[in-house]
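Please put together the full structure from these sequences, using the hints given.
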Amino acid sequence: MNNAKRFDLLRMLFAILVALLISFVLIFFISEEPLTAIFTLITGPFRSKRNLGNVVESMIPLIFTGTGVCIMFSANQINLATDGGFHLGGLVAAFVVLKFGLPGGLSPIVALFLAATAGAMFCTIPALMKVKTSSPELVSSLMLNYISQWFCTFILMHFLQDPSVGSASHKLPENSALPVIVGGTNIHVGLIIALVVAVLGYVFLYKTKTGYELRLTGENEAFARYSGINIVKVILVSQMVGGIIAGLGGGVELLGPIYPRFSWMALLGYGWDAIIICTLAKKNPLYTPLAALFLAYLRTGASIMARYTDVTLEIVQITQGIIIMLVVAEQFLSGMKHRMIAKEARASLKEEEVA
Amino acid sequence: MLESLLSPEFFNAILRATTPILFAALASSVASKAGITNMALEGIMLFSALFGVIFSAMTGNFFTGLLLTMVIGGLIGWFLAFFVLNLKTDEILAAVAINLIATGGTVLLMLAVSGDRGSSTSIASFSAPRIVIPLIDKIPFLGEIISGQNLMTYLAILAVIIMHLFMYKTPLGLKIRAVGENKNAAESVGISSRKIQYIALILSGVLASMGGFFMSGGYMNMFTKDMSAGRGYIALAASAMGGNTPIGASLVSLLFGAAQALANMMQLTDIPHELIQMIPYLTTLIGLGVYSYSNMKRRQKLAGK
Numbered sequence: 066m067n068n069a070k071r072f073d074l075l076r077m078l079f080a081i082l083v084a085l086l087i088s089f090v091l092i093f094f095i096s097e098e099p100l101t102a103i104f105t106l107i108t109g110p111f112r113s114k115r116n117l118g119n120v121v122e123s124m125i126p127l128i129f130t131g132t133g134v135c136i137m138f139s140a141n142q143i144n145l146a147t148d149g150g151f152h153l154g155g156l157v158a159a160f161v162v163l164k165f166g167l168p169g170g171l172s173p174i175v176a177l178f179l180a181a182t183a184g185a186m187f188c189t190i191p192a193l194m195k196v197k198t199s200s201p202e203l204v205s206s207l208m209l210n211y212i213s214q215w216f217c218t219f220i221l222m223h224f225l226q227d228p229s230v231g232s233a234s235h236k237l238p239e240n241s242a243l244p245v246i247v248g249g250t251n252i253h254v255g256l257i258i259a260l261v262v263a264v265l266g267y268v269f270l271y272k273t274k275t276g277y278e279l280r281l282t283g284e285n286e287a288f289a290r291y292s293g294i295n296i297v298k299v300i301l302v303s304q305m306v307g308g309i310i311a312g313l314g315g316g317v318e319l320l321g322p323i324y325p326r327f328s329w330m331a332l333l334g335y336g337w338d339a340i341i342i343c344t345l346a347k348k349n350p351l352y353t354p355l356a357a358l359f360l361a362y363l364r365t366g367a368s369i370m371a372r373y374t375d376v377t378l379e380i381v382q383i384t385q386g387i388i389i390m391l392v393v394a395e396q397f398l399s400g401m402k403h404r405m406i407a408k409e410a411r412a413s414l415k416e417e418e419v420a
Numbered sequence: 006m007l008e009s010l011l012s013p014e015f016f017n018a019i020l021r022a023t024t025p026i027l028f029a030a031l032a033s034s035v036a037s038k039a040g041i042t043n044m045a046l047e048g049i050m051l052f053s054a055l056f057g058v059i060f061s062a063m064t065g066n067f068f069t070g071l072l073l074t075m076v077i078g079g080l081i082g083w084f085l086a087f088f089v090l091n092l093k094t095d096e097i098l099a100a101v102a103i104n105l106i107a108t109g110g111t112v113l114l115m116l117a118v119s120g121d122r123g124s125s126t127s128i129a130s131f132s133a134p135r136i137v138i139p140l141i142d143k144i145p146f147l148g149e150i151i152s153g154q155n156l157m158t159y160l161a162i163l164a165v166i167i168m169h170l171f172m173y174k175t176p177l178g179l180k181i182r183a184v185g186e187n188k189n190a191a192e193s194v195g196i197s198s199r200k201i202q203y204i205a206l207i208l209s210g211v212l213a214s215m216g217g218f219f220m221s222g223g224y225m226n227m228f229t230k231d232m233s234a235g236r237g238y239i240a241l242a243a244s245a246m247g248g249n250t251p252i253g254a255s256l257v258s259l260l261f262g263a264a265q266a267l268a269n270m271m272q273l274t275d276i277p278h279e280l281i282q283m284i285p286y287l288t289t290l291i292g293l294g295v296y297s298y299s300n301m302k303r304r305q306k307l308a309g310k
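Protein sequences appear in the order of chains A and B.
Going from the first sequence to the numbering used here is simple: count from 1 and add 65.
Going from the second sequence to the numbering used here is simple: count from 1 and add 5.
Please note that the accuracy of each hint is not assured.
[Stated by the list, open to error] With the C-beta cut set under 7 Å, the calculated list includes, among others, these residues of chain A facing chain B:
id	residue
1	S205
2	M208
3	T218
4	F269
5	A394
[Said to hold, decoys possible] Cross-link-like lysine to aspartate or glutamate pairs, in silico, EDC-like; alpha carbons within 16 Å at most:
id	chain 1	residue 1	chain 2	residue 2
6	B	K93	A	E395
7	A	K348	A	E97
8	A	K347	B	D95
Calculated directly from the structure, the hints in this document are not laboratory data.
Here a beta-carbon is modelled for each residue, glycine too, at the ideal position from N, C-alpha and C.
Right under this line is the structure:
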């Protein structure tokens with residue numbers, strides 16, 4: 066690791082620290098018992114095996130959407146439809162296990178396959194619109210998220226609804242649930258799938274020709290075009306792969322042990338969380354599990370804090386926002402970086418003089 | 006159905022639904038003309054909707070509430086400008102961060118002020134009044150549409166005219182357009198692009214905050230969680246489709262306002278309301294596609310292909 070890289074890492078840790086400090090100050094303002102709240106936020110996840118399990122379990126959707134966004138953003142395709150793709154993936158998985166009546170082993174596999182397909186088709190819409198009509202994918206994907214949300218609610222209320230519960234589907238069959246792998250927690254097979262996806266995402270982006278083309282286009286589209294890279298293919302492939310991962314993530318999340326029924330009425334926001342994951346992982350899918358661990362820890366701590374004290378969960382969104390701001394602010398601490406580089410240069414000059 | 010579509014009430018509803026989008030679209034147009042995509046509109050509107058309620062309740066009248074809210078909008082615009090221009094933050098990611106902070110921050114703040122997580126019903130706020138224009142309200146049909154609107158709606162229409170004059174008839178407007186068109190060329194004739202972009206983003210924040218204020222003090226009489234519901238994003242599309250000009254943006258906003266009003270009215274029919282809720286977003290998506298496509302064809306024609 067060279068000095069510039071080490072500095073980037075330190076800068077990121079410092080940004081996280083500053084964001085946490087600002088959040089703590091906020092807690093002091095809004096809470097009657099700020100010290101208890103902060104203590105609960107930090108130590109809560111360690112209080113029981115179940116809580117620790119929750120940390121690991123809530124990493125799973127974050128790894129999926131984070132990896133998807135890493136791939137799309139690496140190609141500089143600012144497609145924010147991951148949120149809607151994830152939602153749609155969950156709906157499709159629920160639909161398959163409720164309506165298809167497939168045998169136990171096959172049911173979740175078909176459900177996940179179709180969830181990924183739906184996610185892929187959904188997230189490719191902005192790409193197709195960009196290629197065919199040159200619409201900016203940013204705006205079209207934002208609209209699609211709302212369309213996905215209402216479409217899924219429509220299907221839920223008119224095809225899957227259990228009238229005795231109201232706004233939720235019938236109970237998902239037990240035989241299609243993803244098995245728990247650590248007893249006494251909610252950690253399920255989805256974790257393994259998520260980690261495999263993160264590694265495959267890394268291999269795709271950094272070890273294949275298509276991945277190289279994606280990253281080159283992301284760095285400099287004009288250069289990529291002049292070197293003969295098919296930009297249309299890059300646009301389509303990057304968003305489709307991102308969509309596959311988002312849809313799969315939604316399916317895995319729904320078939321995990323937390324949701325006995327499909328009851329998602331509002332977008333879950335994992336698409337937005339993915340942006341902070343992608344920022345912290347520096348667009349490298351291999352680091353998404355680490356970034357997801359951090360965010361999941363913060364989330365779990367905050368939800369325990371919300372349960373036992375008067376500080377609500379929303380504080381985390383503020384922390385997240387500040388972290389994104391500071392980590393992507395290129396000039397944050399740049400003065401220090403310049404001084405460090407200058408010092409190094411002087412040192413090496415001196416060495417040369419001595420020699 | 007057709008009868009209610011042609012009634013003055015429906016046109017009234019269109020203007021009401023257009024107002025917040027129109028302010029935000031104007032906000033987006035001035036930022037875009039200066040070369041910056043202001044996706045933080047969504048967060049600015051959300052913050053302003055809450056601050057509008059708080060400030061008007063605190064000061065006891067809507068007007069000071071509106072002015073203070075506009076200051077908040079300007080401050081958020083300045084904050085965005087500081088990060089994007091001084092700290093070289095990616096403008097989209099900075100906006101995502103601001104919107105996240107707005108989503109969580111408004112709920113926290115509302116909880117602290119009113120003790121309620123969902124809506125601000127316990128805060129006695131003041132809304133902008135409806136204005137009846139004498140004489141005009143006597144004209145049949147047209148009078149019923151033009152008169153009796155919320156003050157903010159008239160302000161929005163006024164803002165379109167002012168922004169048009171500002172962008173095309175003043176030296177500062179020319180500088181904003183010059184910076185957006187070609188930053189280096191503008192710099193070469195002595196325009197400080199940073200200063201101009203600061204001004205544009207602050208102005209953009211102020212305009213968006215007026216839209217946010219109307220959401221909770223006119224369109225509705227309280228703040229509810231996530232009440233901007235993507236209007237900031239719709240405004241981005243409206244502005245882009247209007248060629249980022251104030252007049253173009255306002256015409257497209259009217260189209261989306263109509264879609265929203267239609268959706269509101271169709272709630273009364275048998276069509277599932279989930280599908281109706283999609284209408285504004287679907288209209289925006291299709292409109293964006295059609296506009297971008299014709300734009301692309303025109304450019305290709307100009308390029309002689």
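Verification of the supplied hints:
1. S205: holds, 6 Å
2. M208: Status holds, d = 4 Å.
3. T218: OK, holds: A:T218 within 7 Å of chain B, min 5 Å.
4. F269: violated, 23 Å
5. A394: Hint on A:A394: holds, closest Cβ of chain B at ~4 Å, below 7 Å.
6. B:K93 / A:E395: This hinted pair holds, its Cα atoms lying about 5 Å apart.
7. A:K348 / A:E97: With Cα atoms ~40 Å apart, A:K348 and A:E97 exceed 16 Å; violated.
8. A:K347 / B:D95: With a Cα-Cα distance of about 14 Å, the restraint between A:K347 and B:D95 holds, given a limit of 16 Å.
Hints 4 and 7 from the list above are not met by this structure, while the remaining hints are.
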